[in-house]
Amino acid sequence: MSLYSSAVKRPIMTTLCFVAVAILGLFSLSSLPIDLYPDVETNTIMVMTTYQGASAQDIEQNVTRPLENALNAVNDLKHITSKSRENISLITLEFEYGKDIDVLTNDVRDKLDMVKSSLPDNSETPIIFKFSTDMIPIVMLSVQADESMPGLYKILDDGVVNPLARISGVGSVSISGAPKREIHVYVDPNRLEAYGLSVETIAQIIAAENRNIPGGSFDVGSDTYALRVQGEFTSADQMNNIVVGSRNGSNIYLRDVARVDDSLEERAQETFNDGRRGAMIVIQKQSGANSVEISDQVLKQLPSLQKRLPSDVKLDIIVDTSDNIRNTIDALVETVMYALLFVVIVVFAFLGRWRATLIITITIPISLIASFIYLAVTGNTLNIVSLSALSISIGMVVDDAIVVLENVTTHIERGADPKQAAINGTNEVAVSVVASTLTLIAVFFPLTLVTGMTGVLFRQLGWMVTIMMIISTVCALSLTPMLCSQLLRKNNRHGRFYNLLFTPINRGLDAFDNGYGKLLGRVVTHKGATIAVCVAIFIGSLWLVGRVGTEFFPTADDGRLRVNLELPIGTRVEIAKEVTRRLSDEWRSKYPEIKVLNYTTGQASSDNVYASLSDNGSHIVSMNIRLSDPGDRDRKITEIAALMRQDLESYPEFAKYQVNVGGMEGMGGQSSIDYEIYGYDFAETDSVARRLVRALREIKGAADVRISRSDYQPEYQVDFDREKLAMYGLNLQTAATALRNRINGALMSQFREDGEEYDIKVMYAPEHRTSIADIENILLYSAQGNSVRVKDVGEVVERFTPPTIERKDRERIITVSTVADGVPMSAIVEQSQKVIDAMELPAGINIQLAGSYEDQQDSFRDLLTLAVLIILLVYIVMAAQFESYTYPAIIMTSLLFAFSGVFIMLYITGHNLNVMSLIGAIMLIGIVVKNGIVLIDYISLNRERGMSIRRAVVDGGRSRLRPVVMTTLTTILGMVPMAVGTGQGSEMWRPMGVAVIGGLTFSTILTLLFVPTLYCLFAYVGVKRQRRGLRRRLTAARND
Amino acid sequence: MKSVLITFDQAYYERIIVTLDKLNCRGFTSWREVQGRGSHTGEPHYGTHAWPSMASAVITMVDDSRVEPLLRALKEMDDATPRLGLRAFVWNIEQSI
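Line order of the protein sequences matches chains Y and P.
When the first sequence is numbered by this note's numbering, its final residue is 1040 and no position is left out of the sequence of numbers.
When the second sequence is numbered by this note's numbering, its final residue is 97 and no position is left out of the sequence of numbers.
Read the hints as simulated data drawn from the structure, not as lab findings.
Don't take each hint at face value.
List time: in silico DSBU-like cross-link candidates among lysine-lysine, alpha-carbon distance up to 35 Å [to be verified]: (1) K595/Y / K180/Y; (2) K2/P / K419/Y; (3) K22/P / K419/Y; (4) K22/P / K490/Y; (5) K180/Y / K154/Y; (6) K724/Y / K636/Y; (7) K419/Y / K75/P; (8) K22/P / K9/Y; (9) K577/Y / K419/Y; (10) K490/Y / K75/P; (11) K791/Y / K834/Y; (12) K75/P / K9/Y; (13) K180/Y / K577/Y.
Ranges between beta-carbon positions, derived for each pair [what the hints assert, rightly or not]: (14) N24/P / R10/Y: 28 to 34 Å; (15) M947/Y / P82/P: 21 to 27 Å; (16) G36/P / M947/Y: 19 to 25 Å; (17) G946/Y / P69/P: 37 to 43 Å; (18) P82/P / R1032/Y: 43 to 49 Å; (19) I97/P / M947/Y: 46 to 52 Å; (20) R10/Y / I97/P: 38 to 44 Å.
Just so you know, even glycine gets a beta-carbon here, dropped at the ideal spot from N, CA and C.
Make a model of the complete structure from these sequences and hints.
In C-alpha cells, the structure reads:
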C-alpha cells in the first residue's frame, strides 16, 4: 500500500506521527544555543613561551624557530604565524576548519614535549592556549574601587576571576589595570661594593632565610611530636633584620645595604573607564565554545560575585558581545515570522479557501520544526545561516503541498469522493512532486560537500534545506492528502464576506491570466524579436558585472569599536595617558552615541594573558568603545569610525592609529586587505612596506593603512669582550645574568601571606639605574670572588631593534594592512595591484595579498565551482525527468536572467557581491529552474493531449501562470523582510535577500516569456525533422 | 442470467461495490486498474503523464430481475458526477457451470 493511501486510510496514525515530529522538533528548539554564525572560527591554538629579558631577535632565534620547526609537523596545519618580541614568543597555529580541536591540542603538546629540551634554560615551559588573540573578548567587565585599590588584584583574582574561569568554555579571564603586589628589595650598589656583597648573594640569603623546614617526628614518652622550623617571614619588615654578612666582626644587616619596599609591580597597565581609573576584567572564550552560553553564565554569576566583594568594589559590564548576537538573531526570527505571514496571505489570496490554506500552511511549521531536530542532533546552533535557511524554505516547502492539493481539488470538483480523490489525486502527481523535490535537492545537497570556511557556512544551509524539502515532500504525500480527505468538500458555499473579498481578487487574477495569455500569443508569433530582446537584456546586464563591487562579508553594525593608538616608541606612559585622556574627553562630548569608553595604557605583566598576547607597551593605548544600539542612532558605525579617523589626524602625538569596526575582522568587520611582504632582511622589507603604504594612502577609500612591524626600538646593548671575560674567570652567561639581576631583579624567593605568594625581587634601587654610567659601573663577580666592572670587560652601545619579529609559515614577514571604508574591497585591490605590479622589488622579497581578500577569493572560487556542479546535477535530474536533452537546456536558460537580475538588483541597491549574496544566487538556481519545470511540464502535457504546439504553449502558459506566480511570490515575499530589514545585523543578510528577490523577479518575468518562445522554436524544429524523416521513409517505401 | 460489465473512473470503485451489495448482487470480478476512453466525450484514462487518471472495471453476473435496478442505480450515480465517467453494458449468459 502506498504512503498516501495508508495515510488517508489511517488519519489518526498520520496525525500523531506528525505531532510526534513537531514535539521532538520543539523540544530540540528549546535546547538549541544561539550564535552569530555556524562554528566558522578557525581552529586556532596558540603557544606562548616567555623568556624574560630576551630581545626580539634572541626570542626569534632561540625560542620561536626551534618551536616552529617542531610544530610545523602537526597535521592539518594551515598557517603557522609567530610573533617574537621582547620576553615573549607567540606562535599561532591555524588549522583547517572543522577539525577536532582537542586532538590537535594533544598533537601540539606531543611536539612541544619533543622540543622542550632544546629551548634555553631560563625560558619558561611553553603554554598552550586553545584560543587566539584574534578572538575578541566576549565579555568585558569594568571594576570601580576606592579604598580597595591597592589590594584590588588579589580581591578580583580570588573573588571574580577564579569563579569565572571555572565556567566551561572560558578560555581566559584576565585582569588589567589592577597591579599585583610585589616586594622589592632595593639595594644600593655603592654600599654593596663597600661590603663586598652582590645582588645574587643577597637574593640567595633571603631565599635561605625565608624557609619553613619540617624536621621529622620524634617520640616523647607515649606521644609522637612533629618537629618543624618556621622561618618564613610573616611581614616584609622582618627582612630588614636579616644578616647578610659580617665585616670586621660585626653583622651587616639587610637594612644597611638595601631598603625593603612592599608595594606594587613597577610597570603595570592602567585602565580607565569613562575617564575614571579602575580595572578591567576580560573574558575570552575557547575555540569552538558558544559565546552566548558563556556570557549568560557570566551574567548569571555576577550578582553573587558582587555580593562577596568589598562594598567599594563595583562590577559593571563594558562589553557583552552576546547582546549583539541575541539582538541579531531576534531580528532574524522576526523576519522569518513576517515571511511566514506573507506566505500564508499569498496562499490564501490565490486559493481563496481557508480550509485549503490551512492544509497548505500546516506543512510550513512541520517542515521547519523538523529541521530543528537536525540542528540539535548535530550540535549546531540557531544562527544567521540556519535562520536564513528557514526563511528561504518557507516559500518552497508549500509548493509540493499546493500541487497535491490542486490535483485533489480537481478530482473532488469532478465528483469523486474526497477520500478517493485524495488517494487518486496524490497518486497522479506523486512522481512529479518527487522529481521537483529532487531538483531542489540537487541544488542544496552539494552544499553539504563543500570544505573549508565556505563549507562550514554552507553545510548547515545545505542540510537544513535538504531536510526541510524531504519533510515537506513526505508531508505533501501523506499529511496533505489525509487533510484533504478530511477537510475538503465539494462545492462548499461561500459566505458574503468571501464574495466581497474574493470577487475582485478572482476577477483580477482572471484578467491577469488572460492578459498573459494574449501577451504570450503575441510573443510566440514574434519569436525572433523576443529572443533578441531577452538576449540584449542579458548582455546588457553583463556590463554591470564589472560595476558591482565585491567584498567578503558585509560590514555589520554591532555597535563596537576598537581603537588602537600608538605613540612614538619609547614614549613614557604618563604622556600616553595624558593624550588619551584628552582624546577620550573630546570623543565623549563629540559623539553622544558613545555609551561606554574604556582604555588601557602601559606595559602588561607577563601573567595577564589577554594583555600580554596583544600588543602592549608604555606607548600603546587600546580603547574599547560601545555605541548605542543601531536602531537608536542616526549615524552608522562606519560613519562614526570615519569621523574618528579624521579626528585622529589632528593628534600629531599618535604615530599610528587604527579604528576597528565590529567584532571579528573579515566576518562582520570592515573588509581588510593585507599585503604580506615576505623577506628576511629588515631594511629591505621595511623600505618596500613604506613604499607600499605611501601608494595605498593615495587610494581613495583605503583607510587605516598600517604596517604591522612597529618602529625600531632604541635599546642599549652590552657587547662583552669574551677574552677579557675569560681573564676574569667569567663567561657571557654569568655576566649577562648578573646584569639582568641588577636591572630586572633577581627572583629567588616568595613572600607568603594568607595562602597567596608574592614575588620578592632583589634589584638596584630605581635611582641607581637611570643612566648608562650606572650600567657601566655594575660589578661582576667571578666564582673565585674576583670583581670587575662592566665597562672593563665590555662596552655599552645604543642600537635599534625591531620590537616584534613576525613570521608566517616560517618566513619573516611584514604586513601592510588597510580596510575598505565606503568603497568595495575589489576597488582597492584592483588599484593596489597595479601599484604592486609597477613596484620594483629587491630579490628574495615577494608580496602576497591576504586578509579578508584572501578569504573572499577562496570562498568565491569554492562557490563558483559549486555553482557549476549544481547546474550539472540539476540538468541531470531534469533530463532524467523529461527524458530529453533539449527541454532541460531550455529551462536552464532562465538561469541567465536570474544572473542578470542579481546584478541589476545589487547595482540598483548599491550592495556588493559578497558571500551572502552569492549564497542567495546559488539558491536561485533551484527556485528558478522549478518555475521552468512547471511550465514546460504542462506544455508538453498539452502536446501529448494532442494540442498544436502554439496552442499547447499559450494554453499551458496561461493555466500554469498562477502556480508559477504563486510559488514565486511566496519565495519573494518570504525574502522581502530580509531584504528591507533594519534590525541589528540586518546588513549581513540584506544582500542575500536583495539577490534572491532581484534574480527571482527578473528571471520569472523573462522565463514566462522566453522559455515558451524557445520551446516553440525547438518544438517546430523537432516536428519539421520528424516530418522530413517520415517523408524520406515514405519516398523510400514508394521507390521499393 | 445476465452479465453486466461496468467500466468507470476508479474514484467510483467503493461506491459500486456498495451498490452491488445493496442490490444483493454477490458475485463479481473486478480489475482495479484498466485503461480506456469514452466513445464520445469520455476523457482518456491512461495513467500516463498526459492522462494520469485510471479506470476500473467490474463484471457481475446477475439474475434478469436485478439488471434494471442495478442500471438505474448506476445511471443515477453517473448523472450526479458526469465528469468522472461510468458506463455499463449488459449481455446474455448462454451457459455456465
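Cross-check of the supplied hints:
1. A distance of roughly 30 Å separates the Cα atoms of K595/Y and K180/Y; the hinted pair therefore holds under the 35 Å criterion.
2. For a cut-off of 35 Å, the pair hint linking K2/P to K419/Y stands: about 32 Å separates their Cα positions.
3. Distance restraint check for K22/P and K419/Y: the Cα-Cα separation of roughly 21 Å lies within the 35 Å cut-off, and the hinted pair is therefore satisfied.
4. With a C-alpha separation of about 25 Å, the suggested pairing of K22/P with K490/Y holds against the 35 Å cut-off.
5. Distance restraint check for K180/Y and K154/Y: the Cα-Cα separation of roughly 7 Å lies within the 35 Å cut-off, and the hinted pair is therefore satisfied.
6. In summary, the hint linking K724/Y to K636/Y is not supported, as the alpha carbons are separated by about 67 Å, beyond the 35 Å threshold.
7. Straight-line distance between C-alpha atoms of K419/Y and K75/P comes to about 22 Å, which keeps the hinted pair within the 35 Å bound.
8. Between K22/P and K9/Y the alpha-carbon distance is near 23 Å, which keeps this suggested pair within the 35 Å criterion.
9. Only pairs whose Cα atoms come within 35 Å are accepted, and K577/Y paired with K419/Y is rejected, the gap being roughly 82 Å.
10. For the hint pairing K490/Y with K75/P, the CA-to-CA distance comes to about 20 Å; that is within 35 Å, so the pair holds.
11. Between K791/Y and K834/Y the alpha-carbon distance is near 54 Å, which puts this suggested pair outside the 35 Å criterion.
12. The hinted pair formed by K75/P and K9/Y meets the criterion: a straight-line CA distance of about 28 Å does not exceed 35 Å.
13. For a cut-off of 35 Å, the pair hint linking K180/Y to K577/Y stands: about 20 Å separates their Cα positions.
14. As the Cβ distance of N24/P to R10/Y is approximately 31 Å, the hint placing it in 28 to 34 Å holds.
15. Taking 21 to 27 Å as the suggested C-beta distance range, the pair M947/Y and P82/P conforms, at roughly 23 Å.
16. A beta carbon spacing of about 21 Å between G36/P and M947/Y agrees with the range 19 to 25 Å that was offered as a hint.
17. At about 39 Å, the beta-carbon gap between G946/Y and P69/P stays in the expected band of 37 to 43 Å.
18. In this structure the supplied range 43 to 49 Å holds for P82/P paired with R1032/Y, their Cβ-Cβ distance being about 46 Å.
19. A hinted range of 46 to 52 Å holds for the C-beta pair I97/P and M947/Y, which are about 51 Å apart.
20. For the pair R10/Y and I97/P, the supplied restraint of 38 to 44 Å holds, since their beta-carbon distance comes to about 42 Å.
When held up to the earlier numbered hints, the structure conflicts with 6, 9, 11 and fits the remainder.
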